[in-house]
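Participant: So the chains spell out like this:
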Amino acid sequence: MTTDTTPQFRPEPEPVAPVQLLDENGVLRDGAKPSMSDGQMLEALRLMVYGRAFDTKSFSLQRQGKLGTFAPLVGQEASIVGSALATDPARDWLVPQYREAPALIRHGHSALRIALYRMGHPEGGRIDPGVRVMQFNISLAAQIPHAVGLGWGMRMQGEDGVAVAYFGEGSSSEGDFHESANLAGVVKAPVVFFLQNNQWAISTPREIQSNATDLAARAPGYGIPGVSVDGNDLLAVYQVTAEAVARARAGEGATLIEAHTFRMWAHTTADDPTRYVNPEVKERWAKRDPVERIQKYLGTRGLWDDERTEALQAEVDAEIEAVFQQASAYPAPDANEIYRHTFADETPAISRQRNWHLGG
Amino acid sequence: MTTDTTPQFRPEPEPVAPVQLLDENGVLRDGAKPSMSDGQMLEALRLMVYGRAFDTKSFSLQRQGKLGTFAPLVGQEASIVGSALATDPARDWLVPQYREAPALIRHGHSALRIALYRMGHPEGGRIDPGVRVMQFNISLAAQIPHAVGLGWGMRMQGEDGVAVAYFGEGSSSEGDFHESANLAGVVKAPVVFFLQNNQWAISTPREIQSNATDLAARAPGYGIPGVSVDGNDLLAVYQVTAEAVARARAGEGATLIEAHTFRMWAHTTADDPTRYVNPEVKERWAKRDPVERIQKYLGTRGLWDDERTEALQAEVDAEIEAVFQQASAYPAPDANEIYRHTFADETPAISRQRNWHLGG
Amino acid sequence: MAVMTMIDAIRQAMLEEMERDERVILMGEDVGHLGGVFRATDGLQQRFTSKRVVDTPLAESVIMGSAYGLAMTGLVPIVEIQFLGFTQNCFHQICQQVARSRFRTRGEHPAQITIRSPFGGNVRTPEFHSDSMEALFAQSTGLKIVMPSTAYDAKGLLLESIRDPDPVIFFEPLRGYRLQSDEVPDGDYTVPFGKLRTIREGDDVTLVTWSASVPVVEAAAEQLAERGISAHVVDLRTLVPLDEEGLIAAVERTGRCVVVHEGPATAGFGAEVIALLQEQAFYSLEAPVRRVTAPDAPYPMPSIEHFYIPDTSLVMRAVDEVLKD
Amino acid sequence: MAVMTMIDAIRQAMLEEMERDERVILMGEDVGHLGGVFRATDGLQQRFTSKRVVDTPLAESVIMGSAYGLAMTGLVPIVEIQFLGFTQNCFHQICQQVARSRFRTRGEHPAQITIRSPFGGNVRTPEFHSDSMEALFAQSTGLKIVMPSTAYDAKGLLLESIRDPDPVIFFEPLRGYRLQSDEVPDGDYTVPFGKLRTIREGDDVTLVTWSASVPVVEAAAEQLAERGISAHVVDLRTLVPLDEEGLIAAVERTGRCVVVHEGPATAGFGAEVIALLQEQAFYSLEAPVRRVTAPDAPYPMPSIEHFYIPDTSLVMRAVDEVLKD
Ligand SMILES: Cc1ncc(C[n+]2csc(CCOP(=O)(O)OP(=O)(O)O)c2C)c(N)n1
Ligand SMILES: Cc1ncc(C[n+]2csc(CCOP(=O)(O)OP(=O)(O)O)c2C)c(N)n1
Ligand SMILES: [Mg+2]
Ligand SMILES: [Mg+2]
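Protein chains in written order, with the numbering used here: chain A, 7 to 366; chain B, 7 to 366; chain C, 18 to 342; chain D, 18 to 342.
Quick caveat, the hints were computed from the structure, so don't treat them as lab data.
Treat each hint with caution, since some may be false.
To be verified - No farther apart than 25 Å at their CA atoms in a straight line, the calculated lysine-lysine pairs in the DSS-like style are these: (1) D:Lys68 with B:Lys194; (2) A:Lys63 with A:Lys288; (3) A:Lys194 with C:Lys68.
Said to hold, decoys possible - If you want the ones that stay clear, here's a sample from chain C, every Cβ over 10 Å from chain B, calculated: (4) Ser134; (5) Arg195; (6) Asp203; (7) Gly245; (8) Glu269; (9) Ala298.
Note that CB positions come from ideal geometry on N, CA and C, so glycine has one too.
Same shape as in the complex, but just chain A (with noise of 0.2 Å):
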């Protein structure tokens, strides 16, 4: 007990320093021990370079009106990629908002699903059998309470998965987010609440989204750790969550990381961010590039060079024309697709209605 009336618990006044590997100028910092592999390396890199092409070819097509509105990751390239690296296809479970493309395609998710799901069609919502991820969720925080319990789930039944859950940090201002990080802190459930705060909320900056100096500073607050980490540095970005996945499956509970990046380009094709987004800032986030950084990186390894980056793109571009051509050979939905789904068994009301409206 203590006399002393003044608040035990005040905000701090500045935000913590982040966790960075590697610099602004891809250059190791000193003390800065990377557990990634060179391997890793390389496949998060094409995955970020795929995940950055595949919105560059959706948004020629939303252009030309072929395919819908869609949320661009441009600029988050190594947060959506380094954090997914860290999990395990087999046994972990992806539960996204809606920017992780390359995070689902790596967990197993087919690209043409996600290339069907932007272009509105309706098997573009289907999960492969098998495949540990969930559908992008519009609904936004909705998913966070989905990945406590998947996370608890597989630790009832005595797996040791971890399930993984993205939002932003706008998502982070809804009720969702505090009733799941603090039951995930009760139950100790295997999840990693993986905030991406890219700064804005569509047209909303952080600083209205929340006086907090650190989102990461909720987690005590839940009884579980936060941690702050620059999340254009892949190696920073993959470690710390591999990190708190270890944790999680040694059955320590949860972590709350909060990923420092920036939307660089448009919330979706919908958005016009010339209204709000500050030239300059943009540009100081721009030398923060995610994929050039760990380029540089590489290449001073030996392991990268222009040569091999042409390589990739074009290698890549290639892929996504063959999804995207096949996506739009893919069959398309008939009337009937409305009437299908809504129950295993079909109900006296439905069956009525699709009668009416496909028999006449």
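Got chain A sorted already, so can you dock chains B, C and D with the ligands onto it with the hints?
Facilitator: Just chains B, C and D with the ligands now, kept in the frame of chain A:
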């Protein structure tokens, strides 16, 4: 930036020492400087005794079937009354959960209405014009956002009023708590989030509610200060609340206060705590009785004695007797009440329904 | 075969199914150590440990949302929401996430979850505890809506619900918990969805109702009989799927109908019953179908709830009108 | 008087009312600096400062709940929920707290709040953006439900909504935002609640609809006219309060009726329209009233939404059936 990957934010291993000015024996602790005046202490003591007597009377009426189920405050008197005394009924709003009867009464809400409310009379729901209290709220945590709006709205209009939201530690697991504390931080709303941690949510113990060592530790995650206080120490509760109210009035925004107390009676008259409360634990808390504690202190100061205790009890019992007499004599509501007050004006449907029901 | 109360039948169904199928788990506020605020889960945690009967924090949205995640790992959660009104605190998890999972994933992620929740009036509960929300869930699509009125149906329908591959919301009428008791077989049996129960045969008028209103309508039918009016009474039992054929046949039998339910009239499920009847049985209706429901007002304070909830006299008045029409 | 789009009319209504009444404030996600994801509030923050046009954190429940508190201090909040589907994230705040405040306090704490939200199909939005939830709010009681289909009505009804002493949920059809434009007077005028709009007079069949479905029904009426069928078309405009007299008169005029809406059939508001008609106009109905609505399924992916939403051909088919019956 750091290369150290150990989480920057970790849960405290131990709860912090709560603020306490009066020890369990009613002795002022070294260094304690109570800001409460003697007059305020006596006013508070009366309200505490009143609250307990009001529940005692309600309980016997409930057992006779003359009153519905209700949630008693016994054990939490200091927490409820000490915080209420730190507010100004003329400017501040009180936003209760359901145990805070004496706080509302001190704020100008009539005891008769509370009696009617407990009897299930619709007039028990009425808030008299000019009384700055919200109605009890059975939907847990739903009242917390209202307090943010009240504080924020007064500030927008240049008033210096403060809104105090009461809620239990169980309710603090709801998303509404999170969204509210976070918004209050962003808009610097003059709000005191008064969390009564009475250790139980019906039968659910504090440990199952959250893995946080202190619930006050959540405050920094919203960019606001958090205080842990001995909820059975009237002087300490008053003091930390008064300081929080002062900060809010001065434009410094919200505070989260966690008052550690104990629900000495059943959750409601429908509950049987012997099924889940450990008697020894309850015994330990009985020794910390908030009413006896302040009586002892006032006694040592020559301001209180057994005679006064008896006199006060008799006086308060008589008052409450009269209140419930009046409540039982209150005109019984007729069927027309269900057709009133859904809207200012009546819809055709409601008129039709009323005419059929009452016309027949 | 033993006579038991509805709440005992509900507990027995869960106990037996959890013994039969270890994938079944139970979660909610106060369901474990306490055994539920109404003792519906009494003894289950002691029997199955706190791993399978889980006391959760006070947070409906993550209770429902995590149950969905649990179901994705192959478990079969029974979720208790302590009172039906509080499903509004997780409405998006129920109606957008759980209820649409199969549809959104083209059948790949069905959500086998049973949501149990007490509701219903005339038991003097506090605010938000009594509301009849069946029409909200019926309109939301993707949920099966199960509303038993007897102990026998409660057990048989709950077993059917737990085994149904799709999400089910199982309404438990507070008033019936202990007042309603009847013969309940031990052991396994199910009551199929989409088959109404004919409570009493009659030729003058058809009374359609479900769940909490059943006893009120039965009492009305008794009194009508004494007055020489023979009422045909049916209990719909499940609203989704709805026994359209059975309902139409029951009404065609008399050509006159009164629908009774506890929820407000406007856009209540009674409106759906009437819409269906006039679409499908238009030419056999000899008089307008009447509704006896709560008014378009919020659920009131306990001292006036008996005015709000349909009572026997109002049902009889509506019948008289339907017979006069 | 100028021809303008519905979204411009909505913006103008807010602009003018905020100039007239300084108690009026506007809050929601992205409504301020950006001016709304559809520009419905474009320029309002610049005009009225960020004190009166507030960008909030991403948290619907506290947006709605704090608006209620703001209203208790004498302010008049207009709350934008970015898409109607996300009202499910604050369903308990809307339906239990805001909508019941007057009733719970016996008239002492009315909640003068206007909830604006876009919805409606055939604009290829992502999931949960298009759902038609009017029946859920109609069943919940305590909310007025306003569903304009023209720019003129949008402005006049929004002004009426903001000034109404009770909570109003104001539905904005996405498809109409820019496609629908008509003559809108500058300055102050209101369109009263509970008065339907007769879009076209006719004698063979009455078509009843509202909001997003109005253009579909108008197109159907055109084509029916070419085939010599004269349709009487009404737009209900507000569902609560409902223009019962006007609706009954419109249907009695032809004796035949088709109801069209975008939400699912079961327990949709179409069911209420039919229930009311058969209760109040039973003897003037010459054929069963038919519904043309979405099926009992969740809102689907964009590539098939045009199958899900009622279209002109289905409306005409229903009319043909109603005329044959
Ligand atoms: C519950 C809910 N509310 C509002 C929206 C509308 N909306 C879509 S994206 C978005 C911003 C999300 O920001 P953030 O969570 O930071 O993710 P980001 O887009 O930055 O990756 C909003 C408000 C929604 N989809 N769901
Ligand atoms: C949203 C909601 N969920 C569940 C309940 C049922 N319920 C009533 S009181 C209670 C426990 C509340 O605990 P706490 O918030 O700690 O307050 P206390 O009763 O201890 O004062 C519960 C679960 C409710 N009333 N509202
Ligand atoms: Mg963001
Ligand atoms: Mg408590």
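Participant: Does each hint hold? Answer for all of them.
Facilitator: Hints versus structure:
1. D:Lys68 with B:Lys194: Cα-Cα ~13 Å, so holds.
2. A:Lys63 with A:Lys288: Holds, at about 22 Å.
3. A:Lys194 with C:Lys68: Judged against 25 Å, a Cα distance of about 13 Å means the pair holds.
4. Ser134: Non-interface label on C:Ser134 holds, nearest chain B Cβ at 15 Å vs cutoff 10 Å.
5. Arg195: 13 Å, holds
6. Asp203: 27 Å, holds
7. Gly245: The claim holds: C:Gly245 sits with its nearest Cβ about 21 Å from chain B, beyond 10 Å.
8. Glu269: 26 Å, holds
9. Ala298: 24 Å, holds
Comparing the model with each earlier hint shows no violations; every hint is respected.
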